[in-house]
Each structure stands twice: as C-alpha cells, then as structure tokens.
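Engineer: Spelled out from the first residue to the last, the chains are:
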Amino acid sequence: MRRDEVFERLAPPPFGLERLRAQMEARRSVVARRLVLVMALATVVVTLVAWPKPKAVDLVGEAAGLLDAPSAVSGLGGTAVQPVSTENPDVVIARVASLD
Amino acid sequence: MRDEALTRAAFEALYLELEAPVFNVVYRWVWSAEEARDVMHEAFLKVWAARSRVRLETARPLVFKSALNLASNRLRVRRVRRFFSLDAADGERDPRGTPEVALELEQRRATVRRAVEALPEKLRSVVMLCEFSGLSTDEIAAALSIPPGTVGSRRHQAMSHLEASLGPLDLEGAGP
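Heads up: the protein sequence lines correspond to chains Y and R, in order.
Count along the first sequence from 1, add 72, and you get the number used in the numbering used here.
Count along the second sequence from 1, add 392, and you get the number used in the numbering used here.
Read the hints as simulated data drawn from the structure, not as lab findings.
It is possible that part of the hints are untrue.
List of simulated lysine to aspartate or glutamate pairs, EDC-like, C-alpha gap at most 20 Å [said to hold, decoys possible]:
#, chain 1, residue 1, chain 2, residue 2
1, R, K514, R, E531
2, R, K438, R, E427
3, R, K438, R, E404
4, R, K438, R, E449
5, R, K438, Y, E159
6, R, K438, Y, E90
Model the full assembly from the supplied sequences, consistent with the hints where possible.
Structural biologist: Below you can see the structure in the form of structure tokens.
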C-alpha cells in the first residue's frame with residue numbers, strides 16, 4: 073500500500089476559523105456573565121455581614137437605673153423595705169429583703 | 393516571532409497554520425470529520441484560555457498535546473457508551489466518484505483504519521505527530537512528555553506494526 077494512502081491528508085471542514093471565533097466570543101460572554109454573578113453574590117454577602125445589627129436591650133442596666141436613689145430603708149425585725157421611685161405617682165414599688 | 397506572548401492575531405495565525413495538521417491527527421482517533429473539528433477547536437480554546445501562561449514558541453506542541461488528550465478522552469467515553477450500546481458504530485462514507493471508486497476508497501480506508509486502531513495509543517500518537525504535525529522531534533517529545541530518543545523508537549515500532557497489517561509501505565507516496 074502506498075504510504076500517502078495510509079497517511080491520507082484530509083481537508084478539515086470549511087469555515088473553521090469563523091467557527092472558532094464564534095466559540096471564543098460565546099465563551100467570553102459566559103465568562104463575563106459568571107463574573108457579574110460572582111460580584112453580585114459577593115456584594116450580597118458583604119452587605120449581610122456589614123449590616124448594622126440592632127443593639128441588645130440591656131434590661132439589667134435599665135432596671136438598675138430605676139434603683140438610683142438610696143432612699144430610706146425601714147426595717148422591722150429581719151425584714152427591710154426600700155421604696156423605689158416610679159414615674160407614675162399612682163404606682164408604689166418597694167424592694168423587700170428578709171433574713172428569715 | 394520567538395518568545396512572544398500569544399496575542400489574538402498570533403493565535404489566529406497559529407490556528408490557520410495548525411488547522412489541517414491537528415485535524416488529521418485527531419481524525420485518527422475519532423474517525424469523524426465533525427467530531428475531529430470539535431475536538432480540535434476545544435484544544436485551541438483551552439490554549440487560548442491559558443494564553444497568559446503560554447508563550448508562542450511553546451504553543452504548537454501544546455495544541456497537539458491538548459488535542460491528543462481530548463481525543464483520547466473522547467474515545468474512552470465512546471467506548472463506554474458503545475459498551476452500554478448508547479452509540480451505534482460510527483464511520484463516514486465518501487460521496488466522491490462512481491460507486492465502484494467510492495467502494496474501493498471506502499474499503500481501503502476501512503483497512504487503514506483497522507490497522508491504525510490496532511496500534512497502541514502511545515505508538516499511534518508518535519507516528520501521527522511525525523506524519524502530520526510538522527513538529528520537530530524535540531517538539532513531539534515535548535508534546536508527549538517523552539524523551540526525544542523515544543520518539544524515534546516508537547515511530548519505528550509503529551511503522552513495523554502498520555507494515556505487518558498493511559504490507560510494505562511504498563515510500564514513493566511518502567509525504568513531506
């Protein structure tokens with residue numbers, strides 16, 4: 073058999089370069105779309121992480137503020153009563169401690 | 393032209409230079425013109441995607457290396473699909489000439505194909521690159537990640553295999 077029959081040189085299908093160019097453009101737009109998607113996701117993540125969180129309510133501190141005045145403590149036996157000031161005059165609050 | 397970055401213009405010139413050689417090499421793996429073109433384009437796109445790391449002087453062996461890897465993978469997938477009968481047997485008919493000429497051509501091509509397919513891949517890749525690529529022995533060695541001396545010995549082995557299948561090869565019809 074002739075050698076050029078064994079290694080026959082075939083012509084590639086036509087318009088190879090045009091097709092390759094089209095594939096390159098298609099791939100570039102896919103890359104651009106992926107980039108936009110990644111940037112959008114990154115923006116969302118950063119926003120969520122950096123978003124200012126509401127401060128936790130300091131119930132103990134607020135309550136301590138109400139117990140400001142060391143007002144008179146009246147005692148009877150092993151029990152002590154300390155009036156606590158309130159904003160409402162119709163409301164009376166007192167702290168009561170007992171040793172019994 | 394040496395030691396240059398792979399620009400778009402250089403890449404397209406490289407494609408025009410290597411289109412036929414790469415196509416002919418890949419065709420001996422997939423035996424379908426359309427599929428060979430797809431594999432070839434995939435190889436070029438891979439090289440283009442890696443252009444920041446590719447120098448023009450190393451691009452030619454790289455294109456062949458990438459094309460051979462892709463063709464080999466494609467063949468492996470096809471074998472698996474055929475094993476599970478997902479693909480029919482492939483092959484292309486040549487529409488040229490009279491029915492007699494076409495039949496003779498088809499029979500000759502089928503004989504050559506059987507002989508080439510019977511070659512182990514490592515021999516086939518060497519002999520096809522030697523015949524079609526236009527690469528130097530050193531470039532073929534680089535493309536296949538083998539020592540240059542191995543290129544010569546594998547080529548000799550491959551030709552012996554082919555002659556055993558097809559009879560003596562007439563050098564009158566030798567290519568360039």
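Engineer: If a hint holds in the structure, say so; if it does not, say that too.
Structural biologist: Taking the hints in turn, this is what the structure says about them:
1. R:K514 <-> R:E531: Since the Cα atoms of R:K514 and R:E531 sit roughly 16 Å apart, the hinted pair holds (cutoff 20 Å).
2. R:K438 <-> R:E427: holds (16 Å)
3. R:K438 <-> R:E404: holds (14 Å)
4. R:K438 <-> R:E449: holds (16 Å)
5. R:K438 <-> Y:E159: violated (77 Å)
6. R:K438 <-> Y:E90: holds (17 Å)
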